[in-house]
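Participant: Top line first, the protein sequences correspond to chains V and E.
Under the numbering used here, the first residue of the first sequence is numbered 7, with each subsequent residue one higher.
Under the numbering used here, the first residue of the second sequence is numbered 215, with each subsequent residue one higher.
Derived from the structure by calculation, the hints contain no laboratory data.
Fair warning: this is a prediction, and the values are worked out from it, not measured in the lab.
Any given hint could turn out to be false.
Derived Cβ-Cβ restraints for the label pairs, each shown as a range [said to hold, decoys possible]:
#1 V:Val210 / E:Pro279: 29 to 37 Å
#2 V:Gly187 / E:Lys340: 34 to 42 Å
#3 E:Thr261 / V:Leu259: 53 to 61 Å
#4 V:Gly133 / E:Glu352: 41 to 49 Å
#5 E:Ala437 / V:Gly133: 49 to 57 Å
#6 V:Ala256 / E:Lys340: 37 to 45 Å
#7 V:Ala326 / E:Gln235: 15 to 23 Å
We put the beta carbon where it would ideally sit given N, CA and C, even for glycine.
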Amino acid sequence: MSGLLARRILLVVPLLAVILLFTFLLVRISGSDPVGLLAGPTATTEEIALVRASLALDQPIWVQFGVYFGKVLQGDLGNSWLSNRPVLAEILDRAPATIELMFWGVLIGAGLGIPVGLRAAFRPDGGFDQVTRFLSLLGFSVPTYWLGLIMLFVFFYLLGWAPPGMGRIDLFLTPPDRITGSYLIDGLLAADWEAAGSAFGQLVLPVLCVAIICAAPIIKQTRAIALEVLASDYIRYARAQGLPDRQVRAMALRNSMTPVVTFIGTEITGLVGTTSLIEYVFAWGGLGQYGLSAIIAGDFAVVQGYVLVLALFSVLVFLAVDVFVMLTEPRAGVAP
Amino acid sequence: MTLLSVEDLHTHFISRDLDNQIRTARALNGVSFTLDAGRILGLVGETGAGKSLTATSIMGLLRPPARVVGGRAMFEGQDLLAMPDAQVNTLRGRDISLVVQSPKSSLDPLSRIGDQLIRIHRAHRKVSERAARDRAVEMLASLGIPDPARRMAAWPHELSGGMAQRVLIALALMNAPRLLIADEPTTGLDVTVQAQILDLLRDLVRRTGIGAMIITHDLGVVAHYCDEMAVMYAGAIVESGPVRQVFANPSHPYTANLIGATPERLQLGGPRSVGGPPPNLFRLPEGCAYRDRCPQAGADCAQPPPDVALGAGHIVRCHRVAA
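Excised from the complex, chain E in its bound form (with noise of 0.2 Å):
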């Protein structure tokens, strides 16, 4: 079942320069896809790629001067983009929840852990602090966290990193959402720790069925705990489909370069990628955004690219696929 569906969506940073000219950078330049329920969906690209930007514009978090120009999220039928934003806000946080990558910073300094769990439950649920107060123990306990009664005392700067991401899932977790976006939830986390937490996203997962999204740049992630994945570049998804495939046959030269680039490829002596810098959003090259870095690239790639259906999910948005 389709659980999260993202069309054509275009997000857009206007801004006035120096001059007083309106400067448009296109940030997101028509993403799609979509996410069934009881999936793992890994969203892999570069810094600045719009990885963050797509999850902040589905949740309409998005502050000026970004701003959505088009498309649509249909999220269980209902058009989230549409929506006003008092109802997106009592959607976040209970029916769509964000885990974000800097823990230790983003619960509320002066508030006992407990007391926010506590309060985001009761916030989106009519249920008395004693009920919020079993559920938050037991949500603690079902994150590994050991002793939890006595970690709801806890203060915020009393945890370690591991431990401010658990109770971070833990607050995402509250109020049982059915999506789940994770914005790099194990950057700054030390490798055991990474996937002590991946671990248990993907158990959350398949135990529970819900949807969620992984936000990241470790290839090596998405290759171990996710279903899907969606490749970004420039703010378009240039390649996607189940993991396995888009690994086993990465179709996109820049899918391809992106894989090679791994350090355990190029300790193999695998071909060498072609660097260079991502292009500028305010002035984005016509046709193919990647064009200009792209070792295949020729004269039809002035054209915007065709997605090429590769069977099984596997689309890939390229001339020479397509030739």
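One chain only, chain V, in its complex shape (with noise of 0.2 Å):
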């Protein structure tokens, strides 16, 4: 029973060590060569063999591999070559910033979607279903970069309504002392309204670009979802014992939830490049930001991090919607 549940949990473990092989590897193919950067172009052929030494580069590639490992396991990541300073510092500084964007976002897209998806499935060909399967629509063909500079014309420039894209919160103002890394939350916990007031001026625009690109999959897919279950043997049977509309819908929508849910763990690992754009467009400084700007530098330590961070998200995500299905779904045997 619970066994089933531990062995998932633990499957976590081979997996994060062949990521970490894939992360080790993604440098090395690359073929550049880190130990003539470091050396400076003025080094000597024997500084440049001690800086080779030094970082265990003069050792067979499964040697390396074990210094990276167990590295990786201290918490070092390494430096970046433009800041000097530790990649998981500058990791731990930004995850804040691409967590609260995501949360807020994925939040509203997916409290949107599925309602509207499920509205629409109980009335196929509906007005209803008819303007929401446009706007969804729309939502999934908009270019991420091209809704977030749309939203800052019109609301910023044109109407006034929102902030300029500058970061997280005014310019003038001081960030709330660091409790949950979230501005917001800080803010409202700081009563520092004025701060707190600020930082959510700031997230309505990215975050209503990050809502609006995550509910147009989710309302398409749980409209699908629930007009299979719908059609489904025992909804009809349900119906045909006279059980009442209310009752027979809370049916359809529990029946609706496990693959709704998995879709949205699915969505969600993907979604992390769309927010890297809008971090982008509304200078968030976030996760997202931090990788795009190293790829284009070619920080390659950073760039390792960034990707190693990305797919230890993924198999937190992963492993947060396995664990749901287990708990609500009963054929999976895990369910008490």
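Grab the two chains, each in its own frame, and use the hints to assemble them into the complex.
Facilitator: Next comes the structure, spelled out in structure tokens:
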């Protein structure tokens, strides 16, 4: 029973080992030699050899992997060549910004997409279905960065309702002391209403962008899943037994939840890329923007750390989805 | 006492084809029969004859493009087809219950069977959770399910096919309906389980005096378990009457062919029936729909055949009998 659950959670360990191997190979395969870069253009052959030995790059490749593996386990992801700071510290600095953006975006996107998809499925081809199907298609087709720019153009430049897309808080305000890392929540906790208000204002547009991009496929998938459930034998039998409409809908909702949550899980992992672009447009300063800049600048330690964090994130999301399914789905054999 | 009386029921599938022309499939063409309380009626016919459609039409469970276009279905003096849907919905599952042929997929996969039994009871009767639970356990026990109190906690996927069918029957009987419609209740079950389920249904009708309609294509089931039978062909009843009478004296050529086509009869070396496809419901032939397949067809069969009473409720719709 809970053995299945424990086994699923333990599966994360070998998965992480394989991910580490891939992030390690990512840099080795790229063929660039960091030693020359590190030692500088004036270095002598002896100095280069010294640097090479200090980085264990003169060892066989599996020893190198061992060294990398050990360092990662100690939390050492190397230093950024641009800032010369530890990559892990930089990632931890920026992670809250991205988590904040994705959290609200996905929450609103799913909170909007699921009920809309269900309602559309209850009356397929009705007016509501037609309108939302069009909107969902629109949300699907719009390029992410374009949506962000248009939002800024309309709500900041034309209407003046939103602040400029320049970071997470007004430039002239000091961010509240770090508790959770979210300026909005930290501001509220510290009773710094001005900071919290500014953080909220800055959040609205980028969160809206993520929510729209996130909701569009959720509407479509939820509608399709619910339609299939509504056509199932058990829903038809529930109707044949005169179960009140409200209860039939509740039954359809519960039976749609497993596939919908699974879909949202896969969507979230893909949404990381979308969020990176939105962070860029709004100068958000989160992980996505950090990773994109690092790729452009060829800052390999950062890219490696960024990929590792993304992979870890996906592993955790899939784990959460699997645990949810196991606990809610009697056929999985875990539920008591 | 007449429990259910279906009169001249017509159901059509109305759709548009690729050229946007309206196409009408005349799936039920004047189905009439009556069912008395305490009796079991067997509805037989080949696939597509309209057996299940008759049941779903009566119960108001048709979905577009199917539509009832004429006729009445009088249940205890009320016309089910003229009632608003909300009212039919309160009758469904309470006074008229349905047992379907795919029990495992017809149970809600995310609810324990006990909870499903309680849910259907409380949807129609104002009873406490406690009382509903007691009744559910009692019902499972009366259907021969061992250790019913423990079985209440079982999930649908844990049940065997026969067990699931019993649970489905328990669901149908939770509210003590007066009419039970069983649509191929034993398809997909092995023979011993089939017999158990049908014995159970028969005992139930004898004990409680409810009316039951069994939809099947198995003439053996009809011969063993039913009091009355009605043979359907192309959306109409071509012969009906007491089971013994119809089997002893099958008067419609189709009925005779159907009975002649059972494996037992074929082994006896009886006359082979004339096969052929069922008629196209979009273009039913004028007159008798069986005309094209009938070995005795003649010129007069282009006229609508009359209903001929042969006595003791035995009715045949055929020109040959009339002559």
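Participant: Are the hints correct? Go through all of them and say.
Facilitator: Hint check:
1. V:Val210 / E:Pro279: 29 to 37 Å: Since the Cβ atoms of Val210 of chain V and Pro279 of chain E sit about 47 Å apart, the hinted range of 29 to 37 Å is violated.
2. V:Gly187 / E:Lys340: 34 to 42 Å: Hint violated: Cβ distance 54 Å, outside 34 to 42 Å.
3. E:Thr261 / V:Leu259: 53 to 61 Å: violated, 35 Å
4. V:Gly133 / E:Glu352: 41 to 49 Å: At 48 Å between Cβs, range holds.
5. E:Ala437 / V:Gly133: 49 to 57 Å: holds, 54 Å
6. V:Ala256 / E:Lys340: 37 to 45 Å: The hinted range 37 to 45 Å is violated for Ala256 of chain V and Lys340 of chain E, with Cβ atoms some 20 Å apart.
7. V:Ala326 / E:Gln235: 15 to 23 Å: At 53 Å between Cβs, range violated.
Of the numbered hints stated above, those contradicted by the structure are hints 1, 2, 3, 6, 7, listed in ascending order.
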